[in-house]
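Q: Take the given structure of chain R and dock chain D to it, following the hints.
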Amino acid sequence: MNIRRVNRIDQLAQNVPPARDLWPAIAAAIEVDRAGALAESAPRRTRWLPAAGMAAAVALVTLGVFIGRISTPTPDTVAGLTPVQGEASIMPAALRDANYRKQRDALLVEVNTQLKAMPAAEREKVAASLATLRRSIGEIEAALGRDPANALLQELLVSSCQEEMRALTAVRDSGSQEI
Amino acid sequence: MTTADKGRADTVVDFDAALIERARKGDSRAFERLYRDHVGRVHGLCLRMTRNPDQAADCAQDAFIKAWKALPKFEARSSFSTWLHRIAVNTVLEKRRGPSNAEIAVEDPTEYEEPVLSFDTPVEEEELEAAIQSLPQGARDVLVLCGVYGYEHSEASSMLGIAVGTCKAQLHRARGLLRDRLERGVR
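Chains as they are written, first to last, in my numbering: chain R, 1 to 179; chain D, 1001 to 1187.
Honestly, I wouldn't trust all of these hints.
Claimed, not checked - Straight-line C-alpha distance at most 25 Å; calculated DMTMM-like pairs for lysine to aspartate or glutamate: (1) D:Lys-1069 with R:Glu-155; (2) D:Lys-1095 with R:Asp-33; (3) D:Lys-1025 with R:Glu-155; (4) D:Lys-1095 with R:Glu-122.
Treat the hints as calculated values from the structure; they're not laboratory data.
Just chain R, same shape as in the assembly:
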């Protein structure tokens, strides 16, 4: 092993790269920031976007960190996730697809099982993050209800639902890798 010695404190390495690449989370936040800026410049009722989008991004990043740390299963109960009812009326066509909803409902059942097997601390954080994601999607849906023709909102809803599916899949498969 090569041991490095220094004569002065300013010879210590200033450059210490992080263990994980931080860029994906930063890029996600930038996209949310951009969506927020676009929404602010839009004509009406879109001020919710930055907060909802940022909450979703933070939830995703938090999930990514905690899924990677999950290791010791502990049986316990959890206030689980339940399939969301009554969303179909304002969802874009792709999300009203029966197959999508069936897959999501099945995934939620598996995720609840996985959550129950997690240590309590991780479980609470993952569940909270998923709830934040779900809440953000709900806010986007509510805004779409007021402004159904808004293409930006539709696009954001689809991408948020895709992110949710990705997060749910990662939770189901958790234990070995980050989202």
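A: Just chain D now, with coordinates in the frame of chain R:
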């Protein structure tokens, strides 16, 4: 231009300026280049201030997100690196949520003027990092900014929100504690 940047200024600043200009216009790929160039130093600073790899990564990440949002306010005449470090230090201080860098009594700050900390015999880098980590928070913050990253007291005190005299006194204290701990072989 700051003391900390003198060594790298000639080769990096102009390149940074072009990337900053593109990033200001919304080019996230330019900002990614800036991130790749600067993340090591920003993370190193956060790691030494927090002493926790997870917190350090979170702080560095938040600092870059804040930097992206604040880019329109960045004044090109100052150093991007120093500006980023200022944001990173603020982020670490915010996350601590407690009293930090408590003011310590300063009778005559000029008595604390000292050259860079050097050692008679070479010290193992790992041992030195461990000794720095063992320092009290206020002393460690100042030692990291002034000793490791080369900021002047005026710059470091401004970043940490303390008086220049306090900054000098904390550095003086840090140096004494560091020498003492290295002699005792703190690990």
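Q: Take the C-alpha atoms of Lys-1069 of chain D and Glu-155 of chain R, compute the straight-line distance between them, and say whether it is at most 25 Å.
A: Within the cut-off at roughly 23 Å; holds.
Q: Holds or violated: are the alpha carbons of Lys-1025 of chain D and Glu-155 of chain R at most 25 Å from each other?
A: holds (23 Å)
Q: Keeping to a limit of 25 Å between CA atoms, is the pair of Lys-1095 of chain D and Glu-122 of chain R held or broken?
A: Roughly 21 Å between the alpha carbons, so the hint for Lys-1095 of chain D and Glu-122 of chain R holds.
Q: Is the Cα-Cα distance between Lys-1095 of chain D and Asp-33 of chain R 25 Å or less?
A: Measuring from Cα to Cα gives roughly 22 Å; hence the hint holds.
Checked against the numbered hints above, the structure violates none of them.
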